[in-house]
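Asker: Sequence:
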Amino acid sequence: MDPINGLKLKAFFLTNSAVSNIAKNEVHHSTLQFTDLVKTCGIDITLAETLPNNELIKVFDLISIDLQFYILTENIPIEIQQLTSRTRIVFFNATNNLCDEKKLLISSIAGIFYQGERIDIILRGITRLQKNER
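Under my numbering, the first residue of the sequence shown is numbered 2, with each subsequent residue one higher.
Keep in mind that the hints are not guaranteed to be accurate.
[Unchecked claim] BS3-like cross-link-like pairs, simulated, lysine-lysine; straight-line CA separation at most 30 Å: (1) K132 with K104; (2) K103 with K59; (3) K9 with K132; (4) K104 with K40; (5) K9 with K40.
[As the list claims (entries may be wrong)] Simulated DEER-style distance windows between Cβ atoms: (6) R135 with G43: 27 to 33 Å; (7) N97 with E134: 20 to 26 Å; (8) G117 with N54: 32 to 38 Å; (9) D101 with D45: 29 to 35 Å; (10) D101 with V60: 16 to 22 Å.
The set of hints was computed from the structure by calculation and includes no laboratory data. The C-beta atom is built at its ideal place from N, Cα and C for all residues, glycine as well.
Could you put the whole structure together from the sequences, leaning on the hints where they help?
Answerer: Right under this line is the structure:
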């Protein structure tokens, strides 16, 4: 539940394992843990292997990109940079030293969650996202 306006937030998860493996119950453990924590916080989620089209993006309050499968290079891809003007972008399953956090903040990325991060830190980050904080 969004504490500001009482509406339930909707999050889109871009992850390669989502569609093909969800029925087989083979989603990567860290992806499953993160999505379960987001759902526990009352956020509706949609999992897919490709980004939604421009019309559907408007439906989502957050777009979460699984860095377990989506390769982030030194520069944030232009399609991701363009999304930050329409919705909040979050990276999860990041590995330490994967990218420069200053670049992410300058690029208006709303948050980054690392593999192996403690649950209380993840929950605190999700709560900040619900409050529209970075």
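Asker: So, for every hint listed, does it hold in this structure?
Answerer: Quick rundown of the hints versus the structure:
no. : hint                      : verdict
1   : K132 with K104            : 23 Å, holds
2   : K103 with K59             : 27 Å, holds
3   : K9 with K132              : 12 Å, holds
4   : K104 with K40             : 28 Å, holds
5   : K9 with K40               : 11 Å, holds
6   : R135 with G43: 27 to 33 Å : 20 Å, violated
7   : N97 with E134: 20 to 26 Å : 23 Å, holds
8   : G117 with N54: 32 to 38 Å : 34 Å, holds
9   : D101 with D45: 29 to 35 Å : 32 Å, holds
10  : D101 with V60: 16 to 22 Å : 31 Å, violated
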